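Enquirer: Top line first, the protein sequences correspond to chains D and X. Note that the numbering used here numbers the first sequence so that position 102 is 102, with each residue one more than the last. Note that the numbering used here numbers the second sequence so that position 387 is 387, with each residue one more than the last.
Keep in mind that the hints were calculated from the coordinates and are not lab data. Remember, predicted model here, so these are calculated numbers, not experimental data. Glycine included, C-beta positions come from ideal geometry on N, C-alpha and C. Heads up, some of the hints might be wrong.
If you want a taste of the chain D side facing chain X, the calculated C-beta under 8 Å gives, among others [what the hints assert, rightly or not]: (1) S88; (2) N360; (3) V378; (4) Y427; (5) A448; (6) N450; (7) L451.
Where chain D lies over chain X, by a calculated footprint (3+ residues, C-beta under 8 Å) [to be verified]: (8) 195-201; (9) 205-219.
Distance ranges between label pairs, derived from CB positions [stated by the list, open to error]: (10) X:A195 with D:P259: 42 to 50 Å; (11) X:A202 with D:K362: 19 to 27 Å; (12) D:F78 with X:D40: 50 to 58 Å; (13) D:T76 with X:A65: 48 to 56 Å; (14) D:Q284 with X:A192: 41 to 49 Å; (15) X:R395 with D:S339: 52 to 60 Å.
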Amino acid sequence: MRRPIALRFGAALCVPLILALAAFPAVRPAAALTGDEARHLAARTGFGPTAAEIDALLPLTRAQAVDTLLDGLRTTPFVPPPDWVNGSPVDPDNDIHKQALPGIWYGEMAVTPSPLTERLVLFWHNHFVSSFDKVSAIYMYRQNALFRANAAGSFGSLLHQVARDPAMMLYLDSNSNHGSTPNENFAREMMELFTLGEGNYSETDVREAARAFTGWHVDTKTGIFAVNAKDHDSGSKTVLGQTGKWGGDDVLDIVLQQPVLPSFVAAKFWREFVSPTPNPAELQMAVGAFQSSGLQIKPLLRALLLTPTFWDPANRGSLVKSPTEFVIGTFRNASLPASEIAGAAGSGARMGQALFRPPNVKGWPGYLAWINSETLTVRSGVIENAMHQFKSEVLPQLAPAPGKDVPIAATDVAQLTALLLPLPETYTPRPGAPTLAAVLDYLMHDPAYNLK
Amino acid sequence: MQPHLLDRRGFLTCAGCAVAGGSLALAGFAGGARAATRPDRTLVLLHLSGGNDGLNTVIPFADPAYAKLRPKIGIAPDKVVTLSPSLGLHPALASLQPAWAAKDMAIVLGLGYPNPDFSHFRSGDIWQSGSGSDQTMSDGWAGRLFVNGGMASQAVADTVIVNTGAGAAFQASGATSVVLQNGTLNTGWIQAPVAGSASRPASLQGVLASDAEIIAAAAGLKPVSGVTLPVTFPKTSIGNTLAEAARIILSGVTVPAIAAQDGSYDSHHDQLTMQNQRLTDLGAAIAAFRDTLIGAGKWDKVLLMTFAEFGRRAYENGSGGTDHGTANAHFLLGGGVQGGFYGTYPSLTDLDNGNLKFTTDYRQLYSTVGTSWWGVPASAVAASFTSFPALPLIRNPASI
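Bound conformation, chain D alone (with noise of 0.2 Å):
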């Protein structure tokens, strides 16, 4: 399906790619991935993607690829994030700090070496959902950071600690579960949406588990996390078919050791990285690496990209980008200056997708659902503003004179089409001698730059 074209990649920015194209290695493994391959690897792991990341991925196998973004991925910020978040939760600039936050992750998104790891941190933040709708700036920051320390690590530890999360416990209402008036909020989702999914659990185990995370407490002033002992319900329950006088952690560790987690949350993770629909065969295989590791998320992670499916041509473009990544992919791939990025969450948000703010504890939906005639329109919206910033910030650089265009070759356009589209293009290019900034305008406007 896809055109047999040979690709190569140059540095990081689209400018050089134009000006200064980098030749091939020298010498290239046989089972070096082709420039589609690396772009594809690139697309469904990162945001955009930049040519230098592409570039990097290059003489590598499709294993030593993977590895190598895994290896690369971080536990903290690449950018230091401002001192508020270490302050007092008391804070009384909540409200501006509420507006702020989505713009500092967009800052991050759009420097980080690692972008798989933001991607993981948004995957988090769109699975163990919390929002500004009840839970603090600082808090949400905090929650953020939580994610990010545990992007790729032990599925059981994160959901621990998710669990006496200060965000997630405002947010699912941990503190008015009382001893003698249990709430089940957290207990409830905890179930459906973070570890086993509908029918996997009975309303009885809700019942049982809320009853075993009563005293949960998280000191809203501070942050701190306690178990009041006064306030838990320390009877006998029975989660799951145990019974025992259980705690919240207790019942966190039964409801971790159900044979049906492992593919529940290998198939979100499917979904979010290699297809809309997961091949049964190959989850499963994915679901045995995750198994035998203790399930660690990283094992997982790697066996899901180095799948059949993943590397099918027909694969390609079966994904919709976010609009978080479809705003971060645009600013990189158009050079434009990631200082200015904060101010484009305010797009993503129009999008859809209001980053701290999920519309309810399930999430986004994704997929199509991110597409439809408004959404759409806005994506147009973004990208005449990003193309006006590049020929007002950018093509000055570049252009033999004031005002003008600079014109590029064919063999130029077919490396941005392959560069910025994971299809072929789907409109007809415009007659007449190309330009750089008009056929960046007008393959951000083709249908498939909205795919992955």
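We have chain D already, so just place chain X on it with the hints.
Expert: Same frame as chain D, now just chain X:
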């Protein structure tokens, strides 16, 4: 190329079974329920973003408690545009006096909901989804009525969003919204797909289907750009927005809803200056909008309704402003509106932590729009807004 229509039809059959119950209702849905709704009537939903201060907009000037709550930013009784012995408008809204006198402006008092939320985001979601504060709904209240009630089969789109924002109330699976920016529905980037596109992934087909929707809406909205307004609108943000809305209506295209936004009304500091400017612009724009539609003989086809995520705290703060609050007053204007006050003004002395206690559930507005304005089948409205009866403020209710 418009799978949403199929979706809607499929959903309707279900809605007919589940909601209305009997075979008569089902036959109605299958046969011609849409014809019975009134897509020729347009709702212009105007979000006063940030939360307009209702207490200084519809002012209980005769209540001595008002001056006590607002020692610095209260509006003096002699400045108020008097509408009744106890209530009047902010002086910046004097431009709405003709509508009040002609009895085509209704003011609904004390709008709110139980256990109010004070977050712009969350309370905005509540108002736009039509939920309670203990519920989360992912679709919008009007979008739900479009889909459940079989609205707007003839429309170019269910909703035209003018310029930006405010579309959340109209979102639902199967409801279409398009964004009209600066007078045009931008389709410049859309082309016919190349041969072979149909065999590419489902993801691409989804984008192409939305392309087709936009093209169809743009074709339908084409008459809008040819409309010359007989009345000059103020050159303000809200003036431009309502001019655009007027052009859509005057063009004669069928659009059941227009979403518009004005703001910000988030008056934590120096409210007197800020609100005076906002309300001056707002009143002038609404007056021009009304004059235009009356002149064109279309005023009875239009219902303009304001909303905001919340009202503001009853007492002023130390910065000459007001903080996030609860109950609020909102306006409904149109040739079909039975003007006057609806509901009761919340007490200024029986407060809840300094906040007004709501007296009318805001969802009654949505029942009113659904049942009396659009003529959505009562069963479909009830499915969303059980126990929130319509207010009797539409002169000629669409009857089903």
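Enquirer: Determine for every hint whether it applies to the structure shown.
Expert: Hints, one by one, checked against the model:
1. S88: 20 Å, violated
2. N360: 4 Å, holds
3. V378: 7 Å, holds
4. Y427: 4 Å, holds
5. A448: 6 Å, holds
6. N450: 5 Å, holds
7. L451: 5 Å, holds
8. 195-201: Coverage by chain D holds for the stretch 195-201 of chain X (4 residues, Cβ < 8 Å).
9. 205-219: holds (count 8)
10. X:A195 with D:P259: 42 to 50 Å: At roughly 48 Å between Cβ atoms, D:P259 and X:A195 fall inside 42 to 50 Å, so the hint holds.
11. X:A202 with D:K362: 19 to 27 Å: 22 Å, holds
12. D:F78 with X:D40: 50 to 58 Å: Roughly 56 Å apart at Cβ, these two residues keep to the hinted range, so it holds.
13. D:T76 with X:A65: 48 to 56 Å: 54 Å, holds
14. D:Q284 with X:A192: 41 to 49 Å: 42 Å, holds
15. X:R395 with D:S339: 52 to 60 Å: 57 Å, holds
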